[in-house]
Amino acid sequence: MAFTLYSLIQTAILCVNAVAVLHEERFLSKIGWGADQGIGGFGDEPGIKAQLMNLIRSVRTVMRVPLIIVNSICIVLLLLFG
Amino acid sequence: MDYTSDSAGFRHRKLQSKGRMKDTAPDMSDPNQLFDDTSSGPARHRTQDMSSIGYPAQGLLSEPVSNFAMAYGSSLADHGKEMVDKNLARFIPISKLKYYFAVDTIYVAKKLGLLVFPYMHQNWEVSYQQDTPVAPRFDINAPDLYIPAMAFITYILVAGLAFGTQDRFSPEILGMQASSALVWLVIEVLAMLLSLYLLTVNTDLTTIDLIAFSGYKYVGMIVEVLAGLVFGRIGYYLMLLWCCVSIFVFMIRTLRLKILSESAAEGVLVRGAKNQLRMYLTMAIAAAQPIFMYWLTFHLIR
Chain A
1 MAFTLYSLIQ TAILCVNAVA VLHEERFLSK IGWGADQGIG GFGDEPGIKA QLMNLIRSVR
61 TVMRVPLIIV NSICIVLLLL FG
Chain B
1 MDYTSDSAGF RHRKLQSKGR MKDTAPDMSD PNQLFDDTSS GPARHRTQDM SSIGYPAQGL
61 LSEPVSNFAM AYGSSLADHG KEMVDKNLAR FIPISKLKYY FAVDTIYVAK KLGLLVFPYM
121 HQNWEVSYQQ DTPVAPRFDI NAPDLYIPAM AFITYILVAG LAFGTQDRFS PEILGMQASS
181 ALVWLVIEVL AMLLSLYLLT VNTDLTTIDL IAFSGYKYVG MIVEVLAGLV FGRIGYYLML
241 LWCCVSIFVF MIRTLRLKIL SESAAEGVLV RGAKNQLRMY LTMAIAAAQP IFMYWLTFHL
301 IR
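Chains as they are written, first to last, in full-length UniProt numbering: chain A, 1 to 82; chain B, 1 to 302.
These are calculated hints, taken from the structure and not from any lab test.
Ideal Cβ positions, reconstructed from N, Cα and C, are used throughout, including at glycine.
Only some residues are given here: those of chain B computed to face chain A with a beta carbon under 7 Å:
{"no.": "1", "residue": "Ser-179"}
{"no.": "2", "residue": "Ser-180"}
{"no.": "3", "residue": "Val-183"}
{"no.": "4", "residue": "Leu-198"}
If we strip away everything but chain A, and leave its shape as in the complex, we get (with noise of 0.2 Å):
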């Protein structure tokens, strides 16, 4: 399979932007995965699914403004080189 540097960092750019458009109120809170609902008690062990949500919650909270710059040199650059 022929894999480039920039097929990587294209398959990146789509996944953050997947994690960053699930949205917090009408998507998240409705299957359980809210941030709201992810701290159980004060165990050691978080556990899978209170792990992935903090991993989710981060990266929405962390890639918002990088996303919307990378977003944008993307769209300029593909409208101009195709």
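Add chain B to chain A, keeping to what the hints say.
Relative to chain A, chain B alone:
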């Protein structure tokens, strides 16, 4: 292990051939030191360089302005070098990387033997020295980056060789092979990091450790492709079987001590979802290696 003979002498000779003034004997008896002590080398080299530049300039153009310009230029270069070093150190931890390249020939030979034949080795624990892991030179179980880096480059070259013997070679193919293998490595390391995070495994495995462990399979891949080139498809499949089993056993025995909890690693059956998940993770990581080994080499053998 014999430190004083070849590796120290080789480095000593190499330093001397580069024109550095170094008159102290290399210090090999201290396990805290990763490399020989060359701290006096660069400073002396720089002052010697500047003075050697200064004298011919004074001889050629005996003008104080050009002398001043020369000194200013070299101080600018030093300043730039410092800035580059400082900024580089912020992104890539150079001192941590140095640990992974502190190897010598005996370690490399033993580790390569261990990668293709891990069945006789008994003690897989990494030895520590006051909370810091010992350099790979002194402990065969420590991960290093020298073997993976060299094996990766050799894999690219061997892939080019395989393409050449089948009249399929072109320079772009080498670049494509290199980037494909690199992308798979990145994906594998990211998947391992993600699964380690999701399972909240408290381990001292750093990202560079994971890169090192993922890079060990390139040794097996090189052996497979070479066997396939020399002995045909039968040789390739036999060697594939052997190297896949060896790397599977190697990874399980190495990762078991790092990922599983202490009691579980010693073979005691610890019941519990956490340890079961961790065992599954270890087996998944170890099973991914043969899959990648097959995936990245089967198209090279026709």
